[in-house]
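Asks: Let's have the full structure, built from the sequences with the hints guiding it.
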Amino acid sequence: MTIIKRSQGVRKDYLLGYLFIAPNFIGFFIFLFGPIIAVIYFSFTDYNFNSAQWIGIENYIKMFKNIGYWNSLIKTLIFVGVNVPLQSGLGLLVAIALNQKVRYKGFFRTIFLIPWVCLPISIGMTFSWLMQTEFGIINQILRSLHLSGIPWLTSQRMALYSLILVNTWQYLGFHVIIFLAGLQSIPNHLYEAAIIDGATSWKCFWKITLPLLMPAIFFDVTMNTIYTFKIFDIAFIMTSGGPGNATSVYNFELYKQAFTFFRPAYGCAMAVILLLIIMGVTILQSKFFQKKSLL
1 MTIIKRSQGV RKDYLLGYLF IAPNFIGFFI FLFGPIIAVI YFSFTDYNFN SAQWIGIENY
61 IKMFKNIGYW NSLIKTLIFV GVNVPLQSGL GLLVAIALNQ KVRYKGFFRT IFLIPWVCLP
121 ISIGMTFSWL MQTEFGIINQ ILRSLHLSGI PWLTSQRMAL YSLILVNTWQ YLGFHVIIFL
181 AGLQSIPNHL YEAAIIDGAT SWKCFWKITL PLLMPAIFFD VTMNTIYTFK IFDIAFIMTS
241 GGPGNATSVY NFELYKQAFT FFRPAYGCAM AVILLLIIMG VTILQSKFFQ KKSLL
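In terms of the UniProt record's numbering, the numbers along the sequence shown are unbroken and rise by one, the last being 295.
Check each hint, because a few of them may be wrong.
[Said to hold, decoys possible] Here are the computed distance ranges between Cβ atoms for each label pair: (1) Trp116 <-> Ile21: 28 to 34 Å; (2) Leu77 <-> Asp46: 48 to 54 Å; (3) Ile30 <-> Thr282: 22 to 28 Å; (4) Phe107 <-> Ala52: 25 to 31 Å; (5) Phe64 <-> Gln184: 44 to 50 Å; (6) Leu90 <-> Thr200: 20 to 26 Å; (7) Ile74 <-> Ile21: 41 to 47 Å; (8) Leu90 <-> Tyr14: 46 to 52 Å; (9) Ile40 <-> Arg103: 52 to 58 Å; (10) Phe31 <-> Leu276: 19 to 25 Å; (11) Ala52 <-> Leu165: 40 to 46 Å; (12) Ile21 <-> Gly56: 36 to 42 Å; (13) Thr200 <-> Trp129: 46 to 52 Å; (14) Arg143 <-> Phe64: 42 to 48 Å.
[Stated by the list, open to error] DMTMM-like cross-link-like pairs, simulated, lysine to aspartate or glutamate; straight-line CA separation at most 25 Å: (15) Lys207 <-> Glu192; (16) Lys203 <-> Glu192; (17) Lys101 <-> Asp233; (18) Lys256 <-> Asp233; (19) Lys101 <-> Glu192; (20) Lys256 <-> Asp46; (21) Lys65 <-> Asp46; (22) Lys256 <-> Glu58; (23) Lys105 <-> Glu192; (24) Lys62 <-> Asp46.
Read the hints as simulated data drawn from the structure, not as lab findings. This structure is a prediction, so every number in the text was calculated from the model and none was measured. C-beta atoms are modelled at their ideal positions from N, C-alpha and C, and glycine is treated no differently.
Replies: Here you go:
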């Protein structure tokens, strides 16, 4: 009888616990999957903020025939292809440097974190001013050194890479923290044993640090890729997609179609394709790391 009563008491405790966390789970599913389902549904309609009629895949056909769509996708792929290795690579190098026995380590960590906690709108406006072709401080410094000013935001060749530099400056601290956490989780006795066996610092990095850091690298690269595909704020604030369409990245084109041209259903179709692209790239990254036995 005592065992039965205990089991009943445990069961009641579980039920009570589930009852308390149920609102959180319900809210999570409503606010996560609800919008996704709505976006998928509206992408097959002619929704115009008022009414919606089913039109099948017409929005997708229009989207794939639109040159602006392919331009935005190409710009985003370039952004991802340059930004991800640049940010993750620099983040790893800085983390390795800060993981050494250096003075004022905490101060430097704070310095790298400050841009990350700043609002994107403030960073975008600040760099728009700093990178002005004629009166920007950066070009004034270059001219004072008898160098030519650079059309950071007014050249179709330079504008996208200028945004990548600003984005890297802003989010570098995030990657540094991830890699620092990974580096500090590696036991020191592995390095001590390797050094006793005559291993150089370079061999320690390739044989110990890099393999044990792979889970952190996988997480960082995956999150970096996802966030870079979703880039919007600095393109909107600093260049508004210009000059021309040089910085019209995917989400800026989506915003323009949905809220400037008042084609929200078309924007929903673009959002669905972006979701599929991100999911596909994430799965490929996971397969790559698993195939190489890095996880």
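Asks: All the hints need checking, so say for each whether the structure fits it.
Replies: Now the hints, each set against the structure:
1. Trp116 <-> Ile21: 28 to 34 Å: Holds: the Cβ-Cβ distance is about 31 Å, inside 28 to 34 Å.
2. Leu77 <-> Asp46: 48 to 54 Å: Violated - the Cβ-Cβ distance for Leu77 and Asp46, about 29 Å, lies outside 48 to 54 Å.
3. Ile30 <-> Thr282: 22 to 28 Å: holds (24 Å)
4. Phe107 <-> Ala52: 25 to 31 Å: violated (55 Å)
5. Phe64 <-> Gln184: 44 to 50 Å: Because 47 Å falls inside the window, the suggested range holds.
6. Leu90 <-> Thr200: 20 to 26 Å: holds (24 Å)
7. Ile74 <-> Ile21: 41 to 47 Å: holds (45 Å)
8. Leu90 <-> Tyr14: 46 to 52 Å: holds (48 Å)
9. Ile40 <-> Arg103: 52 to 58 Å: Between Ile40 and Arg103, where Cβ atoms are some 54 Å apart, the hint holds.
10. Phe31 <-> Leu276: 19 to 25 Å: Roughly 21 Å apart at Cβ, these two residues keep to the hinted range, so it holds.
11. Ala52 <-> Leu165: 40 to 46 Å: Check passed, 42 Å falls within 40 to 46 Å.
12. Ile21 <-> Gly56: 36 to 42 Å: holds (40 Å)
13. Thr200 <-> Trp129: 46 to 52 Å: holds (47 Å)
14. Arg143 <-> Phe64: 42 to 48 Å: Given range 42 to 48 Å: holds, Cβ gap about 46 Å.
15. Lys207 <-> Glu192: Between Lys207 and Glu192 the Cα gap is close to 13 Å, so the pair holds against 25 Å.
16. Lys203 <-> Glu192: holds (13 Å)
17. Lys101 <-> Asp233: Since the Cα atoms of Lys101 and Asp233 sit roughly 37 Å apart, the hinted pair is violated (cutoff 25 Å).
18. Lys256 <-> Asp233: Judged against 25 Å, a Cα distance of about 13 Å means the pair holds.
19. Lys101 <-> Glu192: Since the Cα atoms of Lys101 and Glu192 sit roughly 15 Å apart, the hinted pair holds (cutoff 25 Å).
20. Lys256 <-> Asp46: holds (17 Å)
21. Lys65 <-> Asp46: holds (17 Å)
22. Lys256 <-> Glu58: Answer holds: Lys256 to Glu58 is near 19 Å, not above 25 Å.
23. Lys105 <-> Glu192: Between Lys105 and Glu192 the Cα gap is close to 22 Å, so the pair holds against 25 Å.
24. Lys62 <-> Asp46: holds (12 Å)
Checked against the numbered hints listed earlier, the structure breaks hints 2, 4 and 17; every other hint is satisfied.
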